[in-house]
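Protein chains in written order, with this note's numbering: chain A, 1 to 173; chain B, 1001 to 1270.
These are calculated hints, taken from the structure and not from any lab test.
Note that beta-carbon positions come from the ideal geometry of N, C-alpha and C, so glycine has one too.
Take these hints with a grain of salt, some might be off.
Here are the in silico distance ranges between beta carbons for each label pair [unchecked claim]:
(1) A:Glu79 <-> B:Arg1044: 27 to 37 Å
(2) B:Gln1270 <-> A:Glu131: 58 to 68 Å
(3) B:Lys1002 <-> A:Gly40: 32 to 42 Å
Far from chain A, by Cβ distances over 10 Å, these chain B residues were calculated [claimed, not checked]:
(4) Phe1006
(5) Glu1012
(6) Met1055
(7) Gly1059
(8) Ala1067
(9) Arg1139
(10) Ser1140
(11) Arg1146
(12) Asp1151
(13) Asp1163
(14) His1188
(15) Glu1230
(16) Val1246
(17) Arg1254
(18) Gln1266
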Amino acid sequence: MSRLQAGGRHPVRFSLNGKPCAGDAEPRLLLTDFLRHQIGMTGVHVGCEHGVCGACTVSIDGSPARACLTLVAQVEGCEVRTVESLAPSAGRLGILQAAFKRNHALQCGFCTPGILMSLDCFLRDHPRPDEAAIRDFLSGHLCRCTGYTPIVRAALEAAAEIAGDVSREKSDA
Amino acid sequence: MKPAAFDYVRPEHLDEALDVLRQEGGDARIIAGGQSLMAMLNMRLARPRTLIDIMRLPGLARIDAKADSITVGAGVRQATLLAWPDLSRSLQLIALALPWTGHAQTRSRGTVCGSIAHADPSAELPLVLQALGGEVHLRSAKRRRRVAAKDFFTGMMATARLDEELIEAVSFPAAQTRCAFREVARRHGDFAIVAAAVVKTAAGVRLAIGGVADMPVTRDFPSLEGSALEDALNAFAYELDARDDVHATARYRRDLVRMIGRDLVQEVMQ
Chain A
1 MSRLQAGGRH
11 PVRFSLNGKP
21 CAGDAEPRLL
31 LTDFLRHQIG
41 MTGVHVGCEH
51 GVCGACTVSI
61 DGSPARACLT
71 LVAQVEGCEV
81 RTVESLAPSA
91 GRLGILQAAF
101 KRNHALQCGF
111 CTPGILMSLD
121 CFLRDHPRPD
131 EAAIRDFLSG
141 HLCRCTGYTP
151 IVRAALEAAA
161 EIAGDVSREK
171 SDA
Chain B
1001 MKPAAFDYVR
1011 PEHLDEALDV
1021 LRQEGGDARI
1031 IAGGQSLMAM
1041 LNMRLARPRT
1051 LIDIMRLPGL
1061 ARIDAKADSI
1071 TVGAGVRQAT
1081 LLAWPDLSRS
1091 LQLIALALPW
1101 TGHAQTRSRG
1111 TVCGSIAHAD
1121 PSAELPLVLQ
1131 ALGGEVHLRS
1141 AKRRRRVAAK
1151 DFFTGMMATA
1161 RLDEELIEAV
1171 SFPAAQTRCA
1181 FREVARRHGD
1191 FAIVAAAVVK
1201 TAAGVRLAIG
1211 GVADMPVTRD
1221 FPSLEGSALE
1231 DALNAFAYEL
1241 DARDDVHATA
1251 RYRRDLVRMI
1261 GRDLVQEVMQ
């Protein structure tokens, strides 16, 4: 049994965006603060800090989860992915990100990283979702700019593209 | 909005967790998925001296289906139960209610037993446990005991669990019966203004209401129709002692109890 003493900093290791990640953290440190302040993954946005708004959503072992309701100690040995993992290379956008850009699915962008990570997990498990399923899934996120309609449109477009129904390569050319 | 300092304990065996609880009692809290407790810690509504993380204990993440009951271990996440292939056949009421518990993004971490331990008066899982007449399996270093749902919830976020006990599992009777569930909230996944579950019984129906009183409340009704049903529901709605709050007035809550109650009773009696 391990006991991490309050006040002390203790080593933590997990996989972050496919690479090993290690640091020292107090037991009470939230995953949001560890990722932002120690690792510099500032794509993890902090909104409400009690699990309501969804801005801090990251992927933990392939499922969307609130980083603000997770202690970094809890993800020891887990696979964590943040929005920084979505772009295939510097200067290029992933399929979902490109669909958000085309559809104006963001304005201020504060909620966007959380929604992208949620949808990234969702589309992996549900390759051909309908609008109702996407809206139900998005109920775990607050966006005060868009009214959600362009986000739903972007998600449907990205789903079709991932499923191979349209080739964005051709239609953009 | 950051938790106060605490020791974080990661036991490898259940006995170790029970030992910490025996020594530290009410100063220690169990953390499983953390989807209720972490919000309380962030807001410093809870300030435990020690957190005991039980999610790496072997054997707790089991769904055990027997002929007469289905037992859900303390490590079973809500998303795992929702994805259990036998759910709608074995526990139809949970299949109906669980999609209303939080959001997909919180069900992925939150556990079934954790929601019952938290005992929020508007939460769906305590309501379903009450409606089905389930049991909570408690364990301490000294003993094991089972508490019926009707005796487990004792008030607003208060339960019969002693400080040195943890919830090892909850069980639901497997008997197949007609049931129905409905909830009204400002947004799907938000706290229920009123949540209602109805289960057909030998003598009539059992109605369980969450979100109104300080805990889920059940009432057995004989087979009633028409104005007799309306009168019985009206009396029940008043007995729940609804309060006005920022989400809804007491009168609106009583209206919902009468209206949803009638619809659900008619649905299961058809």
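Ascending list of hint numbers which this structure does not respect = As far as the earlier hints go, 2, 3, 4, 5, 6 and 14 are violated by this structure, in ascending order.
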